[in-house]
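**Q** Whenever a hint applies, use it, and build me the whole structure from the sequences.
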Amino acid sequence: MQRQRHSAPGAALAFILVFALSACGTTTTSPSSDAASEAPPPGSEAPESQAPASAAAPTGDPIVIGSTLSLTGPFAATAGLHQIAGEMFVERLNASGGLLGRPVEWQLLDDESVQENVGPLYDRLITQEGVDLIIGPYATPNIIAAMGAAERHGYVMPQHTAVHALLMTYECQFPAWSLGPEPNVFMPNELFDALETLDNPPESIVAVTNAGGSTDFITRGLADDPDDPGLLAIAEERGIEVLADIPYPPGNAEWGPIAQQVADANPDAVIMNSLGIESASLIEAMEQLDYRPPIMFSLFPAPGPLLGLGEAADGHLSVSVFEPNESLIDAKGDEVRAIVEEFQSRAEEAGLPYTAFETQATSSWTAWEILAAGVEAAGSLDQEAICDALHTDGADTTFHGHLTFDPDDNNFWPSDQGIKQIQDGDWVMVWPEDIAAAELRGP
Amino acid sequence: MIWRGLAGIGLAVVGLAVLPWVREALDLPVFLLAFGTLVLTWTALATSWNILSGYSGYFSFGQGGFYGVGLYTTAVLTGRHEWNFLATVPLAGLVAAVLGLLVGIVAFRLRTLSGEVFALLTLAVPFIVAPIARLNPSIDGGQGITVPVPEIPEPLNGFQDLSFLLSLAIAAIAVVVAYVAQRTRLGWGLFAIRDAEGVAEGLGVPTFRSKMVAIAITAGIAGMAGSVGAIQVGYVTVEGTFNLQVPLFVIVMSVLGGRLHWLGPAVGALFIVTLRDRLATSGFEGSSLIVLGAILVVFVVLAPEGLVPRMRRRLVPVLVTVAGVVALLVVTGLRQDPVDWLALGLLAGAVVAFLPGIRRRASGEVEPVGPPVAEGEPAEGEPAEGEPTEGEPTADEPAAAPGVLPAEATEATDATASQRGPTREPIVVATDLTKQFGGVRALHGVSLTVAEGELIGLVGPNGSGKTTLVNLLSGLLRPSSGSISVGGVDIVGLPPHRIAHAAVARTYQIPRPFASMTVRDNVAIAIMFGRSPTDLESARAAAEEHLALVGLAHLADALPGEINLHERQLLEMARALATRPRVLLLDEALAGLNPVEVDNAVGVVRRIHASGVAIVLVEHLLRVVNQLATRIVVLDHGRILAEGDPASVMSDPEVIRAYLGRRAAGRSEPAYEQRGLADA
Amino acid sequence: MIFVQAALTGVLVGGLYALMAIGMSLAWGMLRVINLAHFGLILFSAYLTYALTTDVGLDPLLTVVVTVPVTFLIGAAIQWGYQRFAVSELSSLLVSFGLLIMGIQLISNVWKADFRRLAADVNPYATGSLTIGPLVFPMPTLIASVAAVTLVVLIHLVLARTYVGRALRAFAEDPPIAAAFGIDHRRLGVLLGGAAGATAAVAGTLFAIGWSLTPSTAFEWFGVVFAVVILGGIGNVLGTLLAGALVGGIAGVMTIAWSSVAAPVVVYSLVVLALLFRPNGLLPRRGGHGGHR
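Protein chains in written order, with the numbering used here: chain A, 1 to 443; chain B, 1 to 680; chain C, 1 to 293.
Keep in mind that the hints were calculated from the coordinates and are not lab data.
Beta carbons: idealized from backbone N, C-alpha and C, even for Gly.
Be a bit skeptical, because a hint or two may be false.
[Said to hold, decoys possible] Derived contacts from chain B toward chain C, CB cut-off under 7 Å, selection only:
no., residue
1, 14
2, 134
3, 297
[Unchecked claim] Calculated pairs, EDC-like style, for lysine to aspartate or glutamate (alpha carbon to alpha carbon, straight line, at most 20 Å):
no., chain 1, residue 1, chain 2, residue 2
4, C, 112, C, 220
5, A, 332, A, 342
6, A, 332, A, 416
7, C, 112, A, 87
8, C, 112, A, 348
9, A, 332, A, 434
10, A, 332, A, 409
11, C, 112, C, 184
12, C, 112, A, 349
**A** Written as structure tokens, this is what we have:
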């Protein structure tokens, strides 16, 4: 008995030791167990890829691109999409000749959705692992933490999902998703512009807001600057009455009373600056009260659960930079079709519940393109040269065309973001008119 | 002794502090500083948590709240009010400490506070603090705060130098406090609270104040660690700050390293941070939580004392293994990553610590893990082994021969110990005491004076109010009415530790030793917290004398769990004596002993009495009371039934009737021939 | 009127909280085990309901036929482990936290971290409701509340009327004496551990019907479930039900009257006050578990 008590923890530790040994092995020999290890070894033939075969196979030492993603923890819900998009991009890049003629590897670390982990992990990537390039993690707080490390080491950091332009102050940070330099002004105006084309534009709204860092400022404008308005002020300015302003805490679980407040106000439109599943929860709670607002908009919802609501969410509005709608794909061409299809099949294979190549994946793709464009334009891996090249030449991207970066706007380019709507059980781009796949439907 | 340890810590701190300057010469990456910052920040958080929760046993989930409050203090002051970052660090500690004191005032005032309830109270802290930050636009208001990059002071090279040195300083404060506490009254008071809080208070430990000091330290250090966290993340949000991350990881770290040793949490932090880094970067991210969870389960169930005590037991082999593995990896170049060296070295060392092997100690497989027995301390004055436990030690007193003493012996002892008569100075004067429990009146107008040199036998049937009276005299309970003065000072309402200082000590019916401390340290505690505070070393030396008096000197290094009931009762007496009381209340100190042990205990009581301590002896064995007492007080139904010298009281028909009922009252046989009259 | 409806909606949500808390409270009060793994069991059965409904096509309510036995076995096995290794009350908190994070990670590895939600076509309950006069009873929380009341009555009857129940109570009050009367506390403990696990299955299934799933949800239950357990009085099932309703109702009314951002301040301040002034829960105490260290 005593002997047992002695040896069991020892055995457990020995197991971890063996485990750690093998784990360490993977880091030093190949960058990670992820996409990079599936990338073709230098000199070998490209794997069966649907990508257009072009250029010579890359040769020489691999260029290593480092980043973290929240592979575990609360942010993992969305980070999985960025992982698949990144893996696909790297494979295609290698299949089409790599970067500067060299193969590319992606070294991906898990930040566990913990903000405090991100800075040290980027320090690790840059100074210990010696990666050549970095790309941003997922979710605004993590991106800002990574930006600190990038700035300390003078690394260029394209990032996919932080849209709060004023916070992104590092000059070599390049956004791949832009709501312009003032998202809190752009977003409400775009929405109201779209809604005004309806036969009966809404005259009153209720604002429902996640009182958290990435949504609250869209509703209220900037807390520090009364001249920088948000949804509430802009609505008043445009003559739209705000019947109620309902904030709720992130992670809110009780939607009944909020649904009741909304139903009680009975507005023409509900504008919900929300994240994740919050919109779906509110809709269900309103359905239970037998109330359905004529128009409802959500800012950053998880797209799958809303579709899962079926008819209850029909006509729901949100923002999008790209939707895999037939007409949009047609307009972009065969390469985009191949990307969209491959992404979908890989996401299905990974067991993700919602597999469409939409805003998240598009932004991821764009961030990688910005990085590749910067390197090719600079002709070297010199960070300063890459940063300068991006500032002077901009970057060509598949989904946003040519982007230019103005340091005065923290590199946030004029937004081409659109509005999407659930129509007949699918998300469809409806605004602005030049990229719309269908017409915006009224209530 | 303590200075040697502090010098060691100081040396380690200096060794680490030069790292930013020698780093480049040694060709180590900047990342190592970032990694070091993480380890040190967690060391500070876990070590400070342990000062409250490990030492005193009050588990807290509040560490995240304290950390978050510190983090927000720095974020608000630097981000919104352009304060200098460094100036906000102590302030962050202060604000968090104030929050800690608030929690403490609410929680520790509670008489019925249990450990679990305290844990859950602290769990509520972040739930209350977070919405306040979110609702208040001058704190957060929901939009988060950008924390500006601090200015880097002159001799430093960059941001990582600053955060490394800062977290080193905070971790050093935490470790030094933990170390010093473990060797001084603060820590020992907390250990005593963990083992038996009520007893500790009765021996003179100011329990409320100790816990308040501990929670202030815990919170203050966590708050300062929050400052470093603020500049690390650069942008703080309520949802990213007040989560379960901090409270849960400090617990895992402390459990792994060992909660009862000052260095335990630091070692745990080093292990966990290293392991997390390796898991996060190895492509095994899906198993990180599984490994951490398994560590927690395995260690709590099978090795609850943690790594450090195990490692200390094989200090040399462990150190050699760690150094050997690291050196091997460095020299052979099998691994390039310094964290790999560390991870593999630590794991190998831990495996060595847990290898099944020869037991060093013949008795007591588990070493006293709590307050460490001073390194390699020889058990001074230990008598020859194999001596029977009831053997008479240090026979400097001829009178105490074993065996039933004839009645005349009582007179003899009394004559040597004190002078009879009204000239004796009263020490305890209790007047008209009444104690009511709900509708039940346990004591009713009882007055009692204990004078110098007296040995009062307090007897009475079960439920007659004896123990209630003892509890009132020792301050454990407050009388419903009436007054008690000790040496002319009114003690009603004073906390028990103050009454202990006023020279009244007691023992408990069921011995309640401090289970994690040796017999010697059980006594030393009482000396440390006595009227004239003493340090640990001299208290340990002085404890020998008290142990000798009760005949426990040969067991000084044993743990209370290893000695028998009789010895534990003697330990109770030694511990009570160590507070240097003028009056000692012995609450059924002889219950459950066999006749030989009773005789031995009688001898001990005599010796204590002979040393000049007045005694109130609550006892069922009338034979014993009759032998020892100079005066007997009989309680019945909460009132004094009779009082006077043993012979006359014991032949009082009223007394006999109260004890044995009507039938026995007619008999001439003295009542005290009966043993154990009331059921125990 | 809006306040009445808000209170009602909240009270019904409180039914779900109570459902989540019952098993935890029972194990704590009767077995002296603070079992955080209970949250893992709730999460697991919620995912099981999702899988069985989505992949097999069962009606979500019917999945309890599977989830209840499964979590019964797991709960019993965990309790067996606690007893086998004589895990103390405080240690159980740590051990079960280890089990919980392992479970969450396993669930995350199997079902991925992305949000899972029963689609409307297989889950008619999510948007349904019962209207009586001016009052609306949302279906998911109504079912949860009915289940909570049923369970509480059932458990209460079992504890009060059956031999097993009396044996359990005797054991909770004085283990050595109960053992002396020949009560096999080990078998009883394993049985109760299983029963507590079974209540987790009911809570998990009903959660899946009304809410979205993601592995980290389990951590979000900590605060409110502990609040309910403590307010109700540890080990007191009737109190748990009452406390659930109270917490839910107060949060509902506070949301309307002030803001849902502020609601936690009120709820948790209430918990602190309750701990200070009624440390044994809202209901008067009738023996059983008291404060002890």
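**Q** Evaluate each hint against the coordinates.
**A** Hints, verified against the model:
The closest approach between the C-beta of residue 14 of chain B and any C-beta of chain C is roughly 35 Å, which is over the 7 Å cut-off, so the hint fails. A cut of 7 Å between beta carbons decides the hint on residue 134 of chain B: the least distance to chain C is about 6 Å, and the hint holds. Hint on residue 297 of chain B holds. Least Cβ distance to chain C is approximately 4 Å, under the 7 Å limit. Pair hint residue 112 of chain C plus residue 220 of chain C holds up; C-alpha atoms about 18 Å apart against a cutoff of 20 Å.
Of the pairs offered as hints, the one joining residue 332 of chain A and residue 342 of chain A holds, with about 16 Å between alpha carbons and a cut-off of 20 Å not exceeded. Restraint check for residue 332 of chain A and residue 416 of chain A: satisfied, since their Cα atoms lie roughly 15 Å apart, inside the 20 Å limit. Simply put, residue 112 of chain C and residue 87 of chain A have alpha-carbon atoms about 18 Å apart, close enough for the 20 Å limit, and the pair holds. Straight-line distance between C-alpha atoms of residue 112 of chain C and residue 348 of chain A comes to about 12 Å, which keeps the hinted pair within the 20 Å bound.
Only pairs whose Cα atoms come within 20 Å are accepted, and residue 332 of chain A paired with residue 434 of chain A is accepted, the gap being roughly 13 Å. A hinted pair counts as satisfied when its Cα atoms are at most 20 Å apart, and residue 332 of chain A with residue 409 of chain A does not qualify at roughly 28 Å. In summary, the hint linking residue 112 of chain C to residue 184 of chain C is not supported, as the alpha carbons are separated by about 42 Å, beyond the 20 Å threshold. The hinted pair formed by residue 112 of chain C and residue 349 of chain A meets the criterion: a straight-line CA distance of about 12 Å does not exceed 20 Å.
Consistency note: the structure conflicts with the earlier hints numbered 1, 10, 11.
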